[in-house]
Amino acid sequence: MIEIRGLTRRYGDTLAVDDLSFDVPPGQVTGFLGPNGAGKSTTMRVIVGLDRPTHGHVRVNGHRYRDDRAPLTEVGSLLEAKAVHPGRSAYNHLLFLARSNGISRRRVGEVLGLVGLEAVAGKRAGGFSLGMGQRLGIAAALLGDPATMIFDEPVNGLDPEGIIWVRTLLKSFAAQGRAVLVSSHLMAEMALTADRLVVVGRGKLIADTSVADFIHRASSGQILVRSADQPRLRTALIAAGATVTDEPDGSLLIEGLESPLVGRVAADSQVILHELTPQRASLEQAFMELTADSLDYQGQPQNQSQPQPAQPQPEPASAGTGH
Amino acid sequence: MSTTNITQPDPSTQPDPSTQPDPSTRPDPAGRPSPGPQPGLTTQLARNLEAEWIKLRSVRSTMISLLATAAVCIGFADLLAFGVVNRWDRMGAQGQANFEPATFAVSGVLFGQLVIGALGALAMSAEYSTGTIRATLSATPQRLVMYLSKIAVFTVTALAVAVVTTTVAFVTSQPILAGKHIGTSFSAAGVPRVIIGAGLFLVAVALLGLGLAALLRHTAAAISTLFGLMLVMPLILNFLPNDWQDRVSRWAPLNAGSAVMQVHPESNMLAPWTGLAVLFGYAVIALVLGAAVLLRRDA
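Protein sequences appear in the order of chains A and B. Under our numbering, residue 1796 is the last one in the first sequence; the count climbs by one each step, no gaps. Under our numbering, residue 300 is the last one in the second sequence; the count climbs by one each step, no gaps.
Keep in mind the hints are simulated off the structure, nothing from the lab. Everything numeric in this text was worked out from a predicted model, so none of it was measured. Quick reminder that beta carbons are idealized off the backbone N, C-alpha and C, glycines included. It cannot be assumed that every hint is accurate.
What the hints assert, rightly or not - Calculated Cβ distances over 10 Å to all of chain A for the following chain B residues:
hint	residue
1	Glu51
2	Asp90
3	Arg194
Stated by the list, open to error - What the simulated footprint calls covered on chain B by chain A, stretch by stretch (three residues with Cβ under 8 Å from a Cβ of chain A suffice, anywhere in the stretch; the number is not a length):
hint	segment
4	44 to 50
5	58 to 71
6	120 to 132
7	139 to 150
Sequences and hints are given; from them, build the entire structure.
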């Protein structure tokens, strides 16, 4: 369980995280979504005490991470792939982490097995691929068998098999009752993995919701219809109060009626329907729509650098501190 | 743009909290106990000493640097001893009178300090250059516990290697010098101090390197600063006016630390143990400044 309250982190003039509050509850995968530079990595670094918050606080299992003398048994984190001495073996990297928290050597062997690195345990980590580095990072997060887990972009650099492996792993952690926070800028990956979404842009909370609601919110409410007799259906729908637009391919785009009503209108006017599709936004579309204002680096000249404090409607400060 | 909270999911679609496993009683597939009470500071220190020892011994650069330190110190002592034996008859009365076999036997320390100093810097700076510091501090958020453990493990390791090295340098060079009957022995006045002092000199320089690396967080910056302090500073002080030079030069790290390696201290130097203490003082200043940076700055 992680509680983030009013978290603000400023680097010089840059506001990386701006009054962010959310929870990471047990038993769920919480997807932490946002464009690059939105403050995801900074937030995660603050959670594990690597960076100090400027304001606000973070509680992990009810206390500050910095007060924990064996934190690996409570929180496992993967913040960066290959944050490993290239000359040190995977086994020794895990061993020093384990021993600093009083975790047994036997457990080091176990987690190496869990992530499939036994065969290269004695090899220097400098020769590892990005995917192997991710597996080593995940092994480190598993060492203390913690109830709370934090992963920053865990599928980066993984092949499709590895991506499915991580996805399954994260879901199984949540199913075991652990609190799992996983960041990504890959919306499709979050749709498959996360139970709920915390969406940030420019350090601010944009949404804290379920995946389904997030998509629903961005959906237009339009319905696409094809039928055997488009003119007759159009007339009937307009009579029922809908706004109808003709699409170039001959289909009708309907606004102002729910799908069941559209079906009923078609049945009443005895028109055979070929297709009736509510126009749901994809997670990507929903994401783009909601974060459009907060994208840091768009293909336009940067027009504003810092907000003037006196301006009545200040834009959030640019937050370009991604890692 | 204002923060927008989207409507929370319908409570009916939420998993019933009562059916969710409580993390504290979470069934553990591997049968490991759930986290027990917090360990005490002593336990944590002991664990971190072990962790830092694993770190130090598990990278090749440690063994290579320590062997190189020993090889340089011992090799120089023996090579120079052969040279002196060869030149002895042509050295003249003044040169022969100034020859001090114990000091001579540890003169390789002048070069060995650079190797072990670089190792001291690497022991800390590699944490930053490789990103290991983030794993380290995630496991031990009590940064001072980690830092003190690292210093302790490194000091003991460096001390063992350094004292063995200077002893071996002495023991192997004396038989060579004995060819001209110009050797000395452990029992001679001042000799044990020179040998032990030279070993401690190496430890002090290594700790200075570690402290500078904690302060600067960069391998090259730490090593070049260390070399600057140890080697360049005495050269620069040579350009001071003579009366200034006498007062200031003795306090330079190299000159202060070298005093302990003189059997007969020269008048322009600090007393042997005082000089060594001054060198350790520089190391402690660097370590304390490094601690401040470690505690205050983001990792």
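Which numbered hints are broken by the structure, listed smallest first?
Violated: hint 1 alone.
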